[in-house]
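Visitor: Listed in order, the protein sequences are those of chains A and B. With my numbering, letter number 40 in the first sequence gets 40, and the count goes up by one each step, no holes. With my numbering, letter number 26 in the second sequence gets 274, and the count goes up by one each step, no holes.
Quick caveat, the hints were computed from the structure, so don't treat them as lab data. Where hints are given, some of them may not hold.
[As the list claims (entries may be wrong)] Distance windows between CB atoms, simulated: (1) A:27 - B:491: 45 to 53 Å; (2) A:47 - B:501: 52 to 60 Å; (3) A:152 - B:396: 40 to 48 Å; (4) B:485 - A:88: 35 to 43 Å; (5) A:229 - B:552: 22 to 30 Å; (6) A:13 - B:332: 50 to 58 Å.
[Stated by the list, open to error] Far from chain A, some chain B residues (derived; all Cβ distances over 10 Å): (7) 263; (8) 376; (9) 429.
Model, not experiment: these values are computed from the prediction. All C-beta atoms in this analysis are idealised placements derived from N, C-alpha and C, irrespective of residue type, glycine included.
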Amino acid sequence: MANRPLVILAGTWDERARALAERWSGAGAVLLSPPDLSLQGWRLQPRNPGAFRAVIGARWLRASEIGSVLVRLPYVSADELPHIAPSDRAYVAEEMTAFLLAWLTELPCLVVNRPTPSCLAGPALRDEQWVRLASSRGIPCRPVLRRVRLDESREAPRTSVRTTVTVVGKRQLGEAHPSLTKHAACLATAAGVDVLAVHFDGADGDGRLVGADLWPDVDHNDVADNLLELLSDDSRPASARDLRAGQA
Amino acid sequence: MILVWGIPDDGPTAAVIDALAARAAPLVVADQRNVLDTEVELAVDGTVEGTLRCGDTTVDLAAVTAAYVRPYDARRLPTVERAGAQSAAWFHAVSVDDVLISFSEVTPAFVVNRPSAMASNGSKPFQSLWIGDLGFEVPETLVTTDPAAARDFWERHRDVVYKSVSGARSIVSRLRPEHLARLEHVTWCPTQFQEYVRGREYRVHVVGREVFACEIESDADDYRYAQQQGAEVAIRATELPSECADRCRKLAETLGLALAGLDLRQSDDGRWYCFEVNPSPGFTYYETATGQPIAAAIAGLLTEEA
């Protein structure tokens, strides 16, 4: 493993994360999943990252020894913890999520994306929240309609996406009109994130935003390669702890 | 129109409803107990529009100018639990919760409190970062899966408490010598230890710009569970030094909370510690003990902003 590993924080069954770790093994990628938080050695002292210690890839690492982190885990679920007594799993899952929120917030390295209190991978907004944020920035949006009725056991599926622009750092990936790539970049900045998949109902200049999410399609070589470049960039200042967009 | 969403029998919710009614405020209550007779339509682009029907009550969501939201997890309501997980009723309840939470986030109305603002309470070490930034003292804290680190922390401080890392309710307990043999169990789950701070305990409710402080006297490690521990509790209204009161206001404002319950302690050497900011405080316990008009202040804030 490289001296400063690239950590991929992901669920135990996240096959895409495993594929990324394999693809990026030469760059020192290593997986970190919830059961690893049941290993002896983790230490966190708020406001003192110098005293942090993590247990990653069978090593005890100080905060300064971690190169970067890609977060693919929204929270720890009880299902991830088969080694914990069933009656305790929900509680332990909450405790681990709370621990990771604090840890990821204060790590001095690049974390993509920095967590928010509601999601370890960044601001997990609903489509209507993304549309509201985008509208406030002058981005044309398709109205989001949500309907919960007694005669429908489940909500109707949402508007189908025609085009996705994936923002990775300063780059916007995907076949779309330049105005859409500009809108995508604008939305990512407004949300305070480095990585964002932004969805539109068309690929031409009239395409309207329908939503966004924090889970780029890493099966695409372009996305995976640009992610690696972002995460490997030592010259990039790490995101500062911040109470701005998406956080408390 | 002021919307109250929650369970009307819940202490704080009932108190706010009564206080709003006393002001003859234009009020509508979305009773969560009627979740299986609730329908919602929400349309969002540059504006937020829609309709909420809860039993016989129908609300134009665009007409809501202020909201007090204190919902429970609808999956835990008796009617939903009886229907069973993954049942049609369960999905309906989950969807209603989700769309009303979404409304609480996107509405331009004044909301006490928006769910995203409340979420910081889900991690005490995370929230402590902002508490410290605003000038409060924070007890030295260690969260660890390392029994040796926990033992070392205890030996350095000697007077240590342990408590949950998350917002899950836990009883704050002293770490005693008889517990040391069990420290090996911390390996399974990150566990939070804090230096115990001796001093005078306070609970402060911030409602907009108003600050209601009360001092708490109890021999219990956690006064909330004093009765269980066979201890007494005395609560009395008090005034904070103006600098401390200002800091409380600023902390609530920074966290995006129009209503907050702060747990403070003034140490024997006069320093002010803040342990937690509760975004949905059970304020009626303190209001009953002290007569402080907290519910009225919340109602005033809602009507003023409406």
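Visitor: Could you run down the list of hints and mark each one as holding or not?
Guide: Against the structure, the hints come out as follows:
{"no.": "1", "hint": "A:27 - B:491: 45 to 53 Å", "result": "51 Å, holds"}
{"no.": "2", "hint": "A:47 - B:501: 52 to 60 Å", "result": "21 Å, violated"}
{"no.": "3", "hint": "A:152 - B:396: 40 to 48 Å", "result": "56 Å, violated"}
{"no.": "4", "hint": "B:485 - A:88: 35 to 43 Å", "result": "40 Å, holds"}
{"no.": "5", "hint": "A:229 - B:552: 22 to 30 Å", "result": "52 Å, violated"}
{"no.": "6", "hint": "A:13 - B:332: 50 to 58 Å", "result": "25 Å, violated"}
{"no.": "7", "hint": "263", "result": "26 Å, holds"}
{"no.": "8", "hint": "376", "result": "5 Å, violated"}
{"no.": "9", "hint": "429", "result": "16 Å, holds"}
In this structure, the earlier hints numbered 2, 3, 5, 6 and 8 are contradicted, and the remaining ones agree with it.
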